[in-house]
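*Asks:* The primary structure of each chain is shown beneath.
Number of protein chains: 2
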Amino acid sequence: MKLDVKELFLKLDEVMNKEIILEGWVKNHRKQKTIGFIEFNDGTCQKSIQIVYDEANANFEDITKIKIGSALRVKGIVRTSAGNGQDFEIGLNSVEVLGDCTDDFPMQPKRHTREFLREQAYLRPRTNLFRAVFRIRSVAALAIHSYFEENNYVYFNSPIITGDDCEGSGQMFKITTLDMNNLPLNEDKTVDFSKDIFNELTYVTGTGQLHGEAFAMAFKKIYTFGPTFRSEHSNTKTHANEFWMIEPEIAFCDLEGLMNIEEELLKYVIKYVMDRCKDELELCDKFVENGLIDKLNNVLNSSFVRITHKEAIDLLKKADVKWEFEPAYGEDIAKEHEKYITEYYNCPVFITTWPKDIKAFYMKVNEDGETVAAVDLEVPGSGELMGGSQREEDYDKIIQRMKEMNIPLDDLDWYTKLRLYGGCYHSGFGLGFERLIMYLTGIDNIRDVIPFPRTPGKIDY
Amino acid sequence: MKLDVKELFLKLDEVMNKEIILEGWVKNHRKQKTIGFIEFNDGTCQKSIQIVYDEANANFEDITKIKIGSALRVKGIVRTSAGNGQDFEIGLNSVEVLGDCTDDFPMQPKRHTREFLREQAYLRPRTNLFRAVFRIRSVAALAIHSYFEENNYVYFNSPIITGDDCEGSGQMFKITTLDMNNLPLNEDKTVDFSKDIFNELTYVTGTGQLHGEAFAMAFKKIYTFGPTFRSEHSNTKTHANEFWMIEPEIAFCDLEGLMNIEEELLKYVIKYVMDRCKDELELCDKFVENGLIDKLNNVLNSSFVRITHKEAIDLLKKADVKWEFEPAYGEDIAKEHEKYITEYYNCPVFITTWPKDIKAFYMKVNEDGETVAAVDLEVPGSGELMGGSQREEDYDKIIQRMKEMNIPLDDLDWYTKLRLYGGCYHSGFGLGFERLIMYLTGIDNIRDVIPFPRTPGKIDY
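First to last, the protein sequences are chains P and F.
Mapping of the first sequence onto our numbering: residues 587 to 1047, in sequence order.
Mapping of the second sequence onto our numbering: residues 587 to 1047, in sequence order.
In isolation and in its complexed conformation, chain P is listed as follows (with noise of 0.2 Å):
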């Protein structure tokens, strides 16, 4: 019978004491005279499982040379080990080497930096930190696309490729199918875009919120959750030129209800998440963040405080703190402010009821025309992880916002036209899934949770 490790570990009464075969990665070898002892993997799960072979084994010093990183098939016998540390073992009947191991594989079983890891990006999966983190990735991705789906949304594919730069996104890829070395020139020298295949000058996109809200009105609720592109030149530990976005646009919901969407996907998120990476998660609080898991489960026990910006400016200017930015009305928050923040109720905090000068056009106008109907989720250790907001849904008033920011309006008539056809109040937010999943494991650099991350001057696979 040929099984995953991960099979192994949850049919255990049904195999033991029966020859099962196995086929995965040699991560540790420890060999004494009589005996010896592999760590075995196959990537189905975090635990390895310890294979067991001694002189009784008629190739034993074959076995003996088996290398660390090589691939195996292995035909053993599922036993209760008599050694310490694990509960049960393979007794080794026989080992084909399916793929072996040169010796300058550079994961060997020794403690690594995480900035070495990076230089390996193929390789670094392998290791148990970076096994943990990118299958916390993979189950926290169903966990959103499971959220969505028990409450009735549709997923919606946004394009990627975008005839706007005026998303509100800024800093936006140009791309391009001519040939840069030989740009065809309009009689003014400039370069000709309608020769190229869309007749435009072209982007991929930062944002896939415009388009959502004209499925929102449609669907009522919906998410996209894809990659998106800036093109700014940050090099910090939370910026990447390429990250995957999750932006969910619900029609006849209001920003009191987006909060309660946004806390309840947050708790499902995590529960599902401890649901089903108690290892990985364990792991990450051993080796990323002690207190990782108590973190997370007191964000399921609490409910979200919700204060305005003026509250939040308030507490500020309250807090025996030396500022290196002063906090002020009328302002952003600094992530000093987040901190403190968040830090002080010790939980999400949801701050609402913005500076408009400092939100995007299709934001709500409050009735006070000086605040925004917008609300950011700050939580404790990662500052924002959600941004949102109720949206314009009144056409006059969208179109005089938009002049007021020199949004062009030709280019978005579509956008503001679903004000005309039977529009509705209606919110929706954007979560950035690495961020998210930097929450979830304690790493705090964004380079470390994106399989091969895009950063200024890196791409090297």
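Derived from the structure by calculation, the hints contain no laboratory data.
Among these hints, one or two may not hold up.
No copy labels: a pair is met if it fits in one copy or bridges any two.
Below 27 Å or equal to it, Euclidean Cα-Cα: the simulated DSSO-like pairs (lysine-lysine) are [said to hold, decoys possible]:
no.	residue 1	residue 2
1	Lys-653	Lys-823
2	Lys-633	Lys-881
3	Lys-989	Lys-613
4	Lys-781	Lys-760
5	Lys-760	Lys-604
6	Lys-760	Lys-775
7	Lys-908	Lys-921
8	Lys-1003	Lys-633
9	Lys-1044	Lys-760
10	Lys-781	Lys-823
11	Lys-1003	Lys-696
12	Lys-633	Lys-653
13	Lys-653	Lys-983
14	Lys-989	Lys-823
15	Lys-617	Lys-651
16	Lys-1044	Lys-1003
17	Lys-908	Lys-588
18	Lys-903	Lys-588
19	Lys-904	Lys-696
20	Lys-604	Lys-989
21	Lys-781	Lys-604
Please build the complex by placing chain F on the supplied structure of chain P, with the hints as guidance.
*Replies:* Structure of chain F alone, referenced to chain P:
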């Protein structure tokens, strides 16, 4: 009690004879002298619900003026229906117009051509047909995630931006942050891409396979599901410049095992969608492809045929058909051939063992030295749905093959090295998501299964 229309249908017994609140849109509105009927839909399911009002409603005259397309909040009693065509209806107590609809609303309740609707991409999901198609698209995506989750795969996000143009897909878009009207130049007047954000010429990818192989060597079973791009100038019914792909990659899996997975996946997705999209599929069966549901049931109940490329050519040569393209050993098979083969067997057909010269460099060369362990899955009515292969796992052989095919070795150094570090027999395939949706809905134009399609010259939204 506020409900989605879908919940209303599910909880009918519970809410019968009670007052409920619905929010959604007017699909149709028929008025008679003393009574009126609003066909009401909120997008959460295919079916609409009938709302009935009469002169007992205080503002009867106002209600008769409610326009098609407008957004309403409706209060009314769920009751058994006196009329024909439905079992129950809502007896209106009160209605609030949340969003009016101007008279130029293009989605009036009459038959529109799909060509016309394509020009109204932001509104077409409000029609019965596109509501069905895009819900099927959403449910099929979840089916795919669900299949792989149940089978213990890791969902892997391959990078979109890449520095290599040699991944075997060809025809890649270039992506840049440079000012194209003012490009930095080298001394020889070529573009100085070292000034671009990644310090080299970069592309958006046409496949995640190569990166997927690296992760399969860590997790055994992985799949990608994300957007891919081809810059080709083809204006056909089956080509788009932006589309979504699913690319599973499985370690310790040979070609036979791969076909088993492909067959199991396709049946799983069909069953998942049939279980959840009965109304949507019935609509497609009626208006798009007569016999659609029978076709899908037939797939569920069939064992897919497995033949070699040579056997396929034998069959075609024996056929009493005047071909446009004469079938030939060693050459690709044309659309007309695919059609004949799938109709001959009347079920999906795997064609294996392809001539190596027409296939990609990473495919495992068979012992004959002439063919590769590749497999295409052809389905009746749609042709090729999946394409896969066992990968060459031998380092020397893949290097030799890359040299023969002029694939630059340096860029893919990490990829070939996977063969040195515990490489093993492994296989994978690609499934074009839009092809799948076309197959599931009977829609014959890829532009009608993508929310906002990107094809040459078309980027209106």
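*Asks:* Does each hint fit the structure? Answer for all of them.
*Replies:* Evaluation of the provided hints:
no.: 1; hint: Lys-653 to Lys-823; in the structure: neither (36 Å within a copy, 52 Å between copies)
no.: 2; hint: Lys-633 to Lys-881; in the structure: within (24 Å within a copy, 44 Å between copies)
no.: 3; hint: Lys-989 to Lys-613; in the structure: neither (61 Å within a copy, 33 Å between copies)
no.: 4; hint: Lys-781 to Lys-760; in the structure: both (15 Å within a copy, 15 Å between copies)
no.: 5; hint: Lys-760 to Lys-604; in the structure: neither (59 Å within a copy, 56 Å between copies)
no.: 6; hint: Lys-760 to Lys-775; in the structure: both (19 Å within a copy, 21 Å between copies)
no.: 7; hint: Lys-908 to Lys-921; in the structure: within (14 Å within a copy, 72 Å between copies)
no.: 8; hint: Lys-1003 to Lys-633; in the structure: between (55 Å within a copy, 26 Å between copies)
no.: 9; hint: Lys-1044 to Lys-760; in the structure: both (18 Å within a copy, 17 Å between copies)
no.: 10; hint: Lys-781 to Lys-823; in the structure: between (39 Å within a copy, 23 Å between copies)
no.: 11; hint: Lys-1003 to Lys-696; in the structure: between (60 Å within a copy, 21 Å between copies)
no.: 12; hint: Lys-633 to Lys-653; in the structure: within (20 Å within a copy, 61 Å between copies)
no.: 13; hint: Lys-653 to Lys-983; in the structure: between (69 Å within a copy, 22 Å between copies)
no.: 14; hint: Lys-989 to Lys-823; in the structure: neither (36 Å within a copy, 40 Å between copies)
no.: 15; hint: Lys-617 to Lys-651; in the structure: within (9 Å within a copy, 86 Å between copies)
no.: 16; hint: Lys-1044 to Lys-1003; in the structure: between (41 Å within a copy, 20 Å between copies)
no.: 17; hint: Lys-908 to Lys-588; in the structure: neither (63 Å within a copy, 49 Å between copies)
no.: 18; hint: Lys-903 to Lys-588; in the structure: neither (64 Å within a copy, 42 Å between copies)
no.: 19; hint: Lys-904 to Lys-696; in the structure: neither (49 Å within a copy, 63 Å between copies)
no.: 20; hint: Lys-604 to Lys-989; in the structure: neither (74 Å within a copy, 47 Å between copies)
no.: 21; hint: Lys-781 to Lys-604; in the structure: neither (68 Å within a copy, 62 Å between copies)
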